[in-house]
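**Student:** Could you put the whole structure together from the sequences, leaning on the hints where they help?
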Amino acid sequence: MSEKILEVKDLAISFKTQYGILHAIRGVSFDLKRGETLAIVGESGSGKSVTSRAIIGLLAGNSIYENGEIIYQNRDLTKLPEELFHEIRGSRISMIFQDPMSSLNPIQPVGQQIAESLIFKSGMPKDLAQKRAVELMTQVGIANAEKRYFQFPFQFSGGMRQRIVISIALANNAEILICDEPTTALDVTIQGQILELINQLKVERNLSVIFITHDLGVVANMADRIAVMYAGKIVEIGKAEEVFYNPKHPYTWALLSSMPNLATSNRLDAIPGTPPNMTFPPKGDPFAERNKFAMEIDFEQEPPLFKVSETHYAATWLLHPDAPKVPLPEAVITLQKNRGKINK
Amino acid sequence: MAPYLLKRLGLMMITFVITVFLFFTFIKLMPDQYLDPFGDPAWYEALKAKEGWDLPIPVQFWIWIRNIFTEGSFGFSRNKATDVGFYYFSKIPASIQINVIPYFLSIPIGIGVGVLAALYKNKWIDNIISVGIMVFISIPYFVIIVLAQYFLYFELNIVPSHVVATASQFSEDFWWSLSTYIMPIVLLTIVAVPGLARSVRAELTEQLTQDYMLLARSKGLTQRQATFRHALKNAIVPFLPGIFIGIIGIINGGLITERLFRVDGTGRIYLDAFNAVPPDYAMLMLINAFGQFVGLLASIVGDVSYTIFDPRIRVGSGKIAS
Amino acid sequence: MNIDKSKLVLLHSKNIQLADKPLKTKEIGYYKDSWNRFKKNKGALSAFYIILGILFLVVVGPSMKSYDLSRSRPDEAFRFGYLEPKIPILENFGIFDGTRSVTAGKRFLHAIANSPFGEGVIVSGFPEELVDDINHPNWINVSELTVKVDSYRYTNYIQSYMPGTYFSDIDQGKDPLAAVTQTLTRDQFEQYLSQNYIIDIIEIIESNNPNNPDEAFIQYKVRVDRFRMFLGTSPDDTYFWFGTTRVGQDLFTELWSGARISLIMALLVVVINAVIGLTIGSIVGYYGGILDLLFDRFVEIVASIPFLSVLTLLTLRFGNELWVIIFAFTATGWLGSYGTGRLQFYRFKNREYVLAARTLGASDLRIMFKHILPNTLGLIVTSYALAIPAFVFTEASFSFLGIINYQNAISVGLLIDQGQQEMQTYPYLLLFPALYIAILMTSFNLFGNGLRDAFNPSLRGVE
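Chains as they are written, first to last, in our numbering: chain A, 17 to 360; chain B, 2 to 323; chain C, 1184 to 1646.
Take these hints with a grain of salt, some might be off.
What the hints assert, rightly or not - Below, simulated DSS-like cross-link-like pairs (lysine-lysine); rule was C-alpha separation at most 30 Å, straight line: (1) B:Lys-92 with B:Lys-29; (2) A:Lys-163 with B:Lys-234; (3) B:Lys-124 with C:Lys-1357; (4) B:Lys-122 with C:Lys-1289; (5) A:Lys-32 with C:Lys-1215; (6) B:Lys-122 with C:Lys-1248; (7) C:Lys-1222 with B:Lys-124; (8) B:Lys-122 with A:Lys-95; (9) B:Lys-122 with C:Lys-1215; (10) B:Lys-124 with C:Lys-1225; (11) C:Lys-1215 with B:Lys-124; (12) B:Lys-234 with A:Lys-142; (13) B:Lys-124 with A:Lys-32; (14) A:Lys-32 with C:Lys-1222; (15) A:Lys-323 with A:Lys-299.
Honestly, the hints are just simulated from the structure, not real lab data.
**Tutor:** Quick look at the structure:
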């Protein structure tokens, strides 16, 4: 159950823009193990979406593969030509997106959109595909699936649409599901339902899930492991408990501190400043200028990943044996204190 | 859907009647509207009575309508010495003849060209097509035709004639007469293509960037499959009502076309009526009203086809969901 | 790993105010940004320059040639009709060199070839043998020949020296030189002589002078050099860049006059449409409610009236004055701006910043003009850039058909119409106006499209 299903090694991707070359990802490495949920967390512009698009091979036309590999089933996906890639999508690796309204074809009945996957990827005959599509719809929780097969996207609520998108993604029994901020566009109450659904499907089908989000709260219920990205690199990666209760990177601290928490009356600690412009990557640690705990060396050299445990790494000079000790932020301490109470 | 359509229909009819009445009034207010006595006096008096020239305008309007429905008479044309309706409607087939093939040819060609341009956007195919579209759309239609006539017929002499054959020429030499239709048809098709091609190209380009295309590809469809099964349909649907409306429009003879190719159709009649001294008001009235009527039909067809093609309207409350 | 351990020191104290770093990329305003985008579009940029060129010619062109004959003395101007285009430098390359093919009688051509005044008239095509011997055996059965002539010299020849009907007049016993001779009094003669108008004297007529019996009344029957007399130059030095029309008007001047009128009218129409449409549209869009419902019906009626009908009815009733035409175009033309204005106001009416302004107490007018309207600027500019060629297109089409027919002004459509009728024999009459329209329209459309893309940043990055 803990074999590696996907390996990303030192991936670096840039984009050609009219202002120059945008270095979106600058050396990202992680593994995905079978049956686990890996959450990738970060602000807009951190490179998390680009990473996921790279895995499924749907980057924009002006993208450049600078370096790195993505190993899946003994093949390097970065070198895979499009003619072979489309065979992997849908049947092995699937993706769901942020806005379910625009993800679905507005003038085609939803059932057909599910059936299309089956017909084209599995070669199912039409009537069989229709039946199976109805089954799938029921599985994801859509009542009256037989009738609703013929309805159009606008006749469904946001949550329902996202369920349909999920059923499309899993129609052909993919083994990796990438979720790119699937709940950002939904109401909070619906969010929970969708997350529940994904968890349930993951167990039923032994899925490996990459879950991309900027919301740490969402991550808490879903992730087995968490990778925190900033300015195109992973700054901390580890098991969920490790990252939540023993975070080591100042950025992770800042993220945890800026989450509104009903349980405490601590002051919200917003992170000042804005992420750097990746057309001109800064020298040294990109987080340095917003970092309360920055050191002189942070402005000169980018820190490597320091090992905290077998499964936990963080890229900060604070982990250097000779670095000064800094106090943990209040929010993190509160989390640790409430540890027993939060666990589900 | 039905109540929505009926409401629209009602409104359109009201607009139609109002506009026709406005025309009628305006024409009747023209200084030289009433024909001076001519021909047989008794017959002249009868005409005067029948059309009600001494009566107030709204009454005349009513009489005009009544004449249409009771006798099928639309008014008398001095120039053509016959009932305007009779004359006009007899010329419609000629107009349709020259319009129909170019219209139906230009639709698949126009869509095809637009799709090609969108698929190969910014490559050389697209650049050629875009330039061609730009040129043909900009240059006025009659300039293109006239230049083509000059070069193809007068300079290079590769077409049999620069105008179409008359009815009598048809009875003399059928095949030659038929061949005179080739150049006009080809030209008319060519000028009709760029408009549709440009719209299709723009729409398809837009659709190709939509999120559902991304989903389609992540499902594992190839770019080609995703384009033809999803983007294309979405791109063409907005134009289908227009195409249906255009079918109705075939009836109207293009003034320029008919003048340049000497087609004996309805467009020509318009110019004759306009240039006559005094202007042939009865004919103008008919042409305007008939044109309005055709427009009305076209709108109805357009509305109906919208509901057929866009499911959002069909099933929804009558408003297009954003 | 080798690092300078001394650098492992915290820099910041507890309370830190981090200011936003200045942006590394230069900031540019909306208009400069749009202009940059526009410049990148090579097609649109060149179109822009072409339009500037056309505008220049429109302003300057009609006055470039001080040839007024068609207006001051139209009957004399007739003589100079159908001159082929002749353009200075290009004539040396054989294009626009003022030459034309002409078919004429053998005798006539022979006369030209052998007369001093006819020197250089025939450029090519007249066989050498016939120059010397008109009865050369090879050409016994031929009565007419087609040759290439310099149309300017040719015209001067037949207008001043020997009309084309010379030999057939002789055959019929009429005075062959009647068309070209003038009878002058002595004073006139002296005057013409001093100005070098006289070619030669055909006859001196003496008759009795009733006023003064001793002195005879002398009249001179002469041939005058019409080019010199009316144009002030010899045929070789006369250049009509676009040639002349049937009635002797300079096509270059006519074309740019027509262009000028149509562009001025276009501007007027567009501006009027904009003012009316935007004003009404803004008011209706902003206040909405009953006003909107009423206008909806009204607009629908107006919109269903075809432009052709409006145009014909108005011209039939009120004639062909310029203002009638302008009125016809604006009567239904304002609808476009109305739609835009109304739409924009609807869109922005409920935006937060408008509500904020309202809470601060801004008056309705202020909100409309200071807050909402500037947002529409991009949209407005583009649609008007495209409205001008639309007008030119329509106006040219209708004047071609003859539905629009100015009394005193010239229209390019009319020129094309005239040209079309003569395209077999005088193609240049068609080609120049047609080319003008083609280039003008294409440039305007390219320019308008370029503007639209430039003002619309959402198109950026769409690959």
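**Student:** Do the alpha carbons of A:Lys-32 and C:Lys-1215 lie within 30 Å of each other, as the hint requires?
**Tutor:** Holds. A:Lys-32 to C:Lys-1215 sits at ~22 Å (cutoff 30 Å).
**Student:** Keeping to a limit of 30 Å between CA atoms, is the pair of B:Lys-122 and A:Lys-95 held or broken?
**Tutor:** Distance ~25 Å between B:Lys-122 and A:Lys-95 Cα, so the pair holds.
**Student:** Could you grab the alpha-carbon distance between B:Lys-124 and A:Lys-32 and see if it respects the 30 Å cut-off?
**Tutor:** Answer holds: B:Lys-124 to A:Lys-32 is near 18 Å, not above 30 Å.
**Student:** Taken at face value, is the distance from the CA of B:Lys-124 to the CA of C:Lys-1215 at most 30 Å?
**Tutor:** Status holds; Cα separation ~29 Å.
**Student:** Against the 30 Å threshold, does the CA-CA distance of B:Lys-122 and C:Lys-1215 hold or violate the hint?
**Tutor:** holds (27 Å)
**Student:** Sort out whether C:Lys-1222 lies within 30 Å of A:Lys-32, counting only the CA atoms.
**Tutor:** holds (20 Å)
**Student:** Could you grab the alpha-carbon distance between B:Lys-124 and C:Lys-1357 and see if it respects the 30 Å cut-off?
**Tutor:** violated (72 Å)
**Student:** Run the distance test for A:Lys-323 versus A:Lys-299: straight-line Cα separation, threshold 30 Å.
**Tutor:** holds (23 Å)
**Student:** Checking one constraint from the list: CA of B:Lys-92 to CA of B:Lys-29, max 30 Å. Satisfied?
**Tutor:** Given pair B:Lys-92, B:Lys-29 holds - Cα atoms ~25 Å apart, limit 30 Å.
**Student:** Would the hint linking B:Lys-124 and C:Lys-1225 be met if the CA-CA limit is 30 Å?
**Tutor:** Given pair B:Lys-124, C:Lys-1225 holds - Cα atoms ~16 Å apart, limit 30 Å.
**Student:** Could you grab the alpha-carbon distance between A:Lys-163 and B:Lys-234 and see if it respects the 30 Å cut-off?
**Tutor:** holds (24 Å)
**Student:** Quick one, are B:Lys-234 and A:Lys-142 close enough, alpha carbons at most 30 Å?
**Tutor:** holds (20 Å)
Going through the hint list in order, the structure does not satisfy hints 3, 4, 6.
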